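In my numbering, the protein residues as written are 100 to 227.
What the hints contain is simulated information worked out from the structure, not anything from laboratory work.
Being a predicted model, the structure only gives us computed values, none of them experimental.
Possibly wrong hints are sitting among the right ones.
[As the list claims (entries may be wrong)] Each computed SDA-like pair below joins lysine to any residue, with the alpha-carbon atoms no more than 25 Å apart: (1) LYS193 with VAL225; (2) LYS193 with ILE141; (3) LYS193 with ARG157; (4) LYS193 with THR152; (5) LYS193 with GLY181; (6) LYS193 with SER170; (7) LYS193 with LEU146; (8) LYS193 with THR156; (9) LYS193 with GLU147; (10) LYS193 with ARG161; (11) LYS193 with LEU182; (12) LYS193 with LEU208; (13) LYS193 with ASN160; (14) LYS193 with LEU215; (15) LYS193 with GLN216; (16) LYS193 with ARG162; (17) LYS193 with THR172; (18) LYS193 with ASP205.
[To be verified] Simulated restraints on C-beta separations: (19) GLN209 with ARG106: 24 to 32 Å; (20) ARG162 with SER124: 37 to 45 Å; (21) ARG106 with PRO202: 31 to 39 Å; (22) GLU132 with ASP108: 18 to 26 Å; (23) ARG143 with ARG198: 36 to 44 Å; (24) ARG162 with ILE187: 39 to 47 Å.
Ideal Cβ positions, reconstructed from N, Cα and C, are used throughout, including at glycine.
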Amino acid sequence: GRTRLLRFDNRQVPVEFTVSRIQYSGHPALQAEVRDISADLIDREHLEAIANTDALTRIMNRRAWTARVTSMTTDSVAIAGGLVVAMIDVDHFKAYNDRYGHPAGDELLQEIAQGLQTNVRRCDSVAR
Numbered sequence: 100g101r102t103r104l105l106r107f108d109n110r111q112v113p114v115e116f117t118v119s120r121i122q123y124s125g126h127p128a129l130q131a132e133v134r135d136i137s138a139d140l141i142d143r144e145h146l147e148a149i150a151n152t153d154a155l156t157r158i159m160n161r162r163a164w165t166a167r168v169t170s171m172t173t174d175s176v177a178i179a180g181g182l183v184v185a186m187i188d189v190d191h192f193k194a195y196n197d198r199y200g201h202p203a204g205d206e207l208l209q210e211i212a213q214g215l216q217t218n219v220r221r222c223d224s225v226a227r
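All chains should be modelled from the sequences, with the hints used to inform the complete structure.
Have a look at this one:
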């Protein structure tokens, strides 16, 4: 199983544990193994962030956005609330990219993403 243990400095540590029945000096007993999984959780969170983030713009990628919209539509139906999805198209982006080069096009996408991310509420999502 998994739980959190309290350290001497009052910090909680996530642990994974197993308990086995054994014989000890001819009597039934329990043996427990406890393993700190802090590093595993940090690694998992890092991998999830990479898997859900567009490498260029550092905003939510399509995979994460699809999961988020699915969750939001389910939640909004459940609470009888509303849901707004806005899609933005950068007109003539290909021409801009061709004229000024891919690095300039990448920079433009990064600026647009940053501008959107800066100007939405915390509960809103911006994705590419």
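*Is the hinted pair LYS193 and ARG161 satisfied, with a Cα-Cα distance of at most 25 Å?*
holds, 20 Å
*Does 18 to 26 Å hold as the CB distance between GLU132 and ASP108, or does it fail?*
Since GLU132 and ASP108 have Cβ atoms about 23 Å apart, the given range 18 to 26 Å holds.
*Between LYS193 and ASN160, is the straight-line Cα distance small enough, at 25 Å or below?*
Between LYS193 and ASN160 the Cα gap is close to 20 Å, so the pair holds against 25 Å.
*Kindly confirm whether 37 to 45 Å is satisfied by the beta carbon distance between ARG162 and SER124.*
violated, 55 Å
*asked:* Between the alpha carbons of LYS193 and THR152, is the straight-line distance 25 Å or under?
replied: With Cα atoms ~23 Å apart, LYS193 and THR152 stay inside 25 Å; holds.
*Is LYS193 close enough to LEU182, meaning Cα to Cα at most 25 Å?*
Judged against 25 Å, a Cα distance of about 31 Å means the pair is violated.
*Holds or violated: are the alpha carbons of LYS193 and ASP205 at most 25 Å from each other?*
Roughly 11 Å between the alpha carbons, so the hint for LYS193 and ASP205 holds.
*asked:* Can you confirm whether the C-alpha distance between LYS193 and LEU146 stays at or below 25 Å?
replied: violated, 32 Å
*Given pair status - VAL225, LYS193, alpha carbons within 25 Å*: Answer holds: LYS193 to VAL225 is near 21 Å, not above 25 Å.
*Within a Cα-Cα threshold of 25 Å, do LYS193 and THR156 meet the stated pairing?*
holds, 17 Å
*Restraint check for LYS193 with THR172, where alpha carbons must lie at most 25 Å apart*: violated, 32 Å
_Just to be sure I understand the hint, the distance between the Cβ atoms of ARG162 and ILE187 should be within 39 to 47 Å; is that true here?_
Once the Cβ atoms are compared, 19 Å apart, the range 39 to 47 Å for ILE187 and ARG162 is violated.
Hint check: violations occur at hints 2, 5, 6, 7, 9, 11, 17, 19, 20, 21, 24; the rest are consistent with the structure.
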